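J.: Produce the complete structure using the sequences and hints provided.
These protein sequence lines are chains F and Y, in that order. Residues 377 to 709 (this note's numbering) make up the first sequence, in order. Residues -9 to 465 (this note's numbering) make up the second sequence, in order.
Since the hints were made in silico from the structure, they are not lab data. Among the clues, some could well be false.
[As the list claims (entries may be wrong)] With a cut-off of at most 25 Å between alpha-carbon atoms, the simulated SDA-like pairs for lysine to any residue come out as follows:
| # | chain 1 | residue 1 | chain 2 | residue 2 |
| --- | --- | --- | --- | --- |
| 1 | F | K638 | Y | G254 |
| 2 | Y | K29 | F | T486 |
| 3 | F | K638 | Y | K29 |
| 4 | F | K638 | Y | D239 |
| 5 | Y | K29 | F | E487 |
| 6 | Y | K166 | Y | A70 |
| 7 | Y | K166 | F | D491 |
| 8 | Y | K166 | F | E490 |
| 9 | Y | K309 | F | H524 |
| 10 | Y | K166 | F | E487 |
| 11 | Y | K29 | F | E490 |
| 12 | Y | K166 | F | T533 |
| 13 | Y | K326 | F | T533 |
| 14 | Y | K166 | F | K638 |
| 15 | F | K678 | Y | S253 |
| 16 | Y | K166 | F | G482 |
| 17 | Y | K309 | F | E490 |
[What the hints assert, rightly or not] Which chain Y residues stay away from chain F? Per the calculated CB distances, all over 10 Å, these:
| # | residue |
| --- | --- |
| 18 | G254 |
| 19 | P255 |
| 20 | A378 |
| 21 | E379 |
Quick caveat: nothing in here was measured; it's all calculated off a predicted structure. Backbone N, C-alpha and C define an ideal beta-carbon position, used for all residues, glycine too.
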Amino acid sequence: MLSRHANNLYWMSRQIERAENTARLLDVTYQMSLLPYRITDAAQSWAEPWALPLVINGLASTYYERNPGPVASDKVLRFMVLDSTNPSSIYSLMHSARENGRSMRGVMTTEMYEDLNSMWLELRGRSENALNNGGINEFFEWVKTQSHQFRGVTFGTMLRDEAYQFIRLGTFMERADNTARLLDVKYHTLLPSAAEVGGAVDYYQWSALLRSVSALSSYRRIYRDVITPRRVAELLVLRDDLPRSLHACMNEIYEILRDLCKRESMEPERLAGELHAQLHYGRVEQIMEIGLHEHLMEFLEKLHTLNDELNHHFLAPVYEPATTAVRGQSQTA
Amino acid sequence: MSNTRPYDEMRAADGTIRPHYRAHTEWLDGKPADFLPQKQREANALYTRLGITFAVYGDESGTERSIPFDIIPRIIRPSAWKMISDGACQRVRALNAFLKDIYRDQEILKAGLIPAEQVLNNPAYRPEMRGIHVAGDVYIHIAGVDIVKTGAGEFYVLEDNLRTPSGVSYMLENRKMMMRLFPDLFGRIPVAPVDHYTDVLLENLRAVAPEHVSQPTVVVMTPGSYNSAYFEHAFLAQQMGVELVEGQDLFVANNYVYMRTTSGPQRVDVIYRRIDDDYLDPLAFRADSTLGVPGIFAAYRAGNVTLANAIGTGVADDKSTYLYVPQMIDFYLGEKPIISNVPTYRLGNADDLAYTLAHLAELVVKEVQGSGGYGMLVGPTSTKEQIAEFRKRIELNPANYIAQPTLALSTCPTFRDSDIVPRHVDLRPYVLSGRDVTLVPGGLTRVALNEGSLVVNSSQGGGTKDTWVLEDLQC
Chain F
377 MLSRHANNLY WMSRQIERAE NTARLLDVTY QMSLLPYRIT DAAQSWAEPW ALPLVINGLA
437 STYYERNPGP VASDKVLRFM VLDSTNPSSI YSLMHSAREN GRSMRGVMTT EMYEDLNSMW
497 LELRGRSENA LNNGGINEFF EWVKTQSHQF RGVTFGTMLR DEAYQFIRLG TFMERADNTA
557 RLLDVKYHTL LPSAAEVGGA VDYYQWSALL RSVSALSSYR RIYRDVITPR RVAELLVLRD
617 DLPRSLHACM NEIYEILRDL CKRESMEPER LAGELHAQLH YGRVEQIMEI GLHEHLMEFL
677 EKLHTLNDEL NHHFLAPVYE PATTAVRGQS QTA
Chain Y
-9 MSNTRPYDEM RAADGTIRPH YRAHTEWLDG KPADFLPQKQ REANALYTRL GITFAVYGDE
51 SGTERSIPFD IIPRIIRPSA WKMISDGACQ RVRALNAFLK DIYRDQEILK AGLIPAEQVL
111 NNPAYRPEMR GIHVAGDVYI HIAGVDIVKT GAGEFYVLED NLRTPSGVSY MLENRKMMMR
171 LFPDLFGRIP VAPVDHYTDV LLENLRAVAP EHVSQPTVVV MTPGSYNSAY FEHAFLAQQM
231 GVELVEGQDL FVANNYVYMR TTSGPQRVDV IYRRIDDDYL DPLAFRADST LGVPGIFAAY
291 RAGNVTLANA IGTGVADDKS TYLYVPQMID FYLGEKPIIS NVPTYRLGNA DDLAYTLAHL
351 AELVVKEVQG SGGYGMLVGP TSTKEQIAEF RKRIELNPAN YIAQPTLALS TCPTFRDSDI
411 VPRHVDLRPY VLSGRDVTLV PGGLTRVALN EGSLVVNSSQ GGGTKDTWVL EDLQC
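T.: This is how it looks when you write it as structure tokens:
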């Protein structure tokens, strides 16, 4: 298929997944902010719950430029939800997803396009007031439901062709990226001082993190014990039966790339295989020894390299006119 | 011509229903009163939901509108269709021969039938095309010939569209809609099918691939999703099962055209392009074009890729060239025109100018280079001031204008509010050329929805109808 088309589909699904993850993160942040506890140290103001979504998405400096002073919940929400000038707001993400999808409607099923289109039309109809007057939880639920629904419609109706693979690839690349960032920020910046480990605040923070990736009840079913950072790390990094863990995402990514690269061995498949093997054969002791932060940073860096390779091989290849090696001249359309 | 009652395609002058409309009328008579309003609502809802739309330029929020669809079909009897079909094909054959001639030997200019400067100085003439051999000598792969009816067996060609004629997706979607709304009707009336249009199109495009290619790769090329006809581009690509590309998807290497795919560069042999000549290649034409492909003209000239339609066809659908189509039919085919041109006065000619200035209130005056209703005077619907104003413009440069009588376009039954009323229509059948010159039995009927209006453009209250050509069995 055309590289541009693959690219549009890949980004369409990344944007929907990112909108969902943003909604999850903001939802949890909102619930954390309702707790009586606050970190009040001014120098650590970025560790305020409301700074969390900004830090995770790398938007802190943009936000502070526009909103000097202490982080305010209503401003963060407006910035992250409905601000059309912030390309990472839920509004912008859904708009971009719909625009990417609109140009690809010939490749999608009618149900998929109708679903995507009505998602966008409904979002446009939601006013900021409804958001501020307590409708925030309902809104985040709505975003998650839209994402679930689109994934379901795609799974239930679309031909299992290359286009389908690129849509799935976008979902899992985005999800892996998000889970790694979320875990790192929580672990690295919100880890309270030693005295507080195991305390009530600690418990709420970890349980909020788990809830944001729909993993709290899974944690309980698996461990039947108190929440510890080590087990959370094991669950979200190494276990492949939790659908938002790094291992589970890499299972999917590796499968998809083995399929897409089956004609010839290519760098994306090798890289994905390497990342997958590290998670598949990794041990939590090892990770804790190196340090979870270091481990996650290395993972994110490799994931970004993988994304570059996807661009290079599939999504945005650049050919030098004079030296083009030409393959595949038969009609495959 | 302008004051007589217009010809109605369903009712004869004495009010009786013409034979080819009888089956439809009888069927409709058996339906309850709220039947048509309900079906019309259903059709409108379906068109919106399916997103059969055209984009509105300059609207940031991405407004897309549907063209109004009328649920009463236009019915054409086999004998009338034969005339339309033969006439349109004849015209396209002659126009194609004309293009080949003016870009090769220029016999018609040497014979003095058309003034050479008229052709060679025309802005749509492409000197770059001189001497180029195009595959199968086909220049006009897809043509839209706009035809109006003014009486029994009386047809005129208003205009030839030979660049990138649009609207065929409405012909196909309107038929699908009618079959969905009124399946039982198709059991009663033998309507000739049109669905195979895209098969014929693909077959033709493959037939005009560069000669050495056995399994040609065909693509549809669009300026992008913000183009007003994007829906149609995507629709045609999907129906033919070929890729819909933009300029950025293509590149040229060693004089061949390739598209960037997920499995590497893939050669492209035939491009059905819905982008104007000017924007095709920044190296050959407009240098500021970001929609085109650098080097594609060189690949075309080398015979390594086919463009449909060919570059430079615009010179043949120009209003000043239109005048000479009857001579072309005689010169190239040795035939008489089956469908006439609208009688046209050339205001560069002193007699024609004098007549026109004396009859401005009855005539339609057009700028030779104008299109889309710009630079135009419709005498019968203009005020005295507008006519006086236009007279001054004509007198400044008469050769820049032509004049035609205001035609009494035929009317067709059309559903408005809760009634069936006569409204003026035109017809655009699509002529396809490849191995042969053919057209599917149908076309796009445009209808002026406002009472008395002769303007069928969708931007000015025009809608569309399904066009039914009856099979030769009855009538």
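J.: Hint by hint, note whether the structure agrees.
T.: Here is how each hint holds up against the structure:
1. For the hint pairing K638(F) with G254(Y), the CA-to-CA distance comes to about 14 Å; that is within 25 Å, so the pair holds.
2. Distance restraint check for K29(Y) and T486(F): the Cα-Cα separation of roughly 22 Å lies within the 25 Å cut-off, and the hinted pair is therefore satisfied.
3. With a C-alpha separation of about 51 Å, the suggested pair K638(F) and K29(Y) falls outside the 25 Å cut-off, and the hint is violated.
4. A threshold of 25 Å between alpha carbons decides the hint, and for K638(F) with D239(Y) the separation of about 24 Å falls inside it, so the pair holds.
5. Proposed proximity of K29(Y) and E487(F) is supported: the alpha carbons are some 23 Å apart, at most 25 Å.
6. As the CA atoms of K166(Y) and A70(Y) are separated by approximately 24 Å, the hinted pair is consistent with the 25 Å bound.
7. Straight-line distance between C-alpha atoms of K166(Y) and D491(F) comes to about 23 Å, which keeps the hinted pair within the 25 Å bound.
8. Simply put, K166(Y) and E490(F) have alpha-carbon atoms about 19 Å apart, close enough for the 25 Å limit, and the pair holds.
9. Straight-line distance between C-alpha atoms of K309(Y) and H524(F) comes to about 56 Å, which puts the hinted pair past the 25 Å bound.
10. A threshold of 25 Å between alpha carbons decides the hint, and for K166(Y) with E487(F) the separation of about 19 Å falls inside it, so the pair holds.
11. Among the hinted pairs, K29(Y) with E490(F) is consistent with the structure: their alpha-carbon atoms are about 22 Å apart, no more than 25 Å.
12. At roughly 22 Å between alpha-carbon atoms, K166(Y) and T533(F) fall within 25 Å of each other, so this suggested pair holds.
13. Of the supplied pair hints, the one linking K326(Y) and T533(F) is violated, its CA atoms being roughly 56 Å apart against a limit of 25 Å.
14. Restraint check for K166(Y) and K638(F): the C-alpha separation of about 40 Å exceeds 25 Å, so the hint is violated.
15. Restraint check for K678(F) and S253(Y): the C-alpha separation of about 23 Å stays at or below 25 Å, so the hint holds.
16. Restraint check for K166(Y) and G482(F): satisfied, since their Cα atoms lie roughly 18 Å apart, inside the 25 Å limit.
17. Annotation: proposed proximity of K309(Y) to E490(F) is violated, straight-line Cα distance about 43 Å (limit 25 Å).
18. With a least CB separation of 4 Å from chain F, G254(Y) falls inside the 10 Å interface cut-off, contrary to its annotation.
19. With a minimum CB-CB distance of about 5 Å to chain F, P255(Y) fails to clear the 10 Å threshold, and the non-interface call is violated.
20. The claim that A378(Y) lies off the interface holds: its Cβ sits roughly 49 Å from the closest Cβ of chain F, which is beyond the 10 Å cut-off.
21. With 10 Å as the threshold on Cβ separation, the claim that E379(Y) sits away from chain F holds: the shortest Cβ distance comes to roughly 44 Å.
Consistency with the previously given hints fails for numbers 3, 9, 13, 14, 17, 18, 19, ordered from lowest to highest.
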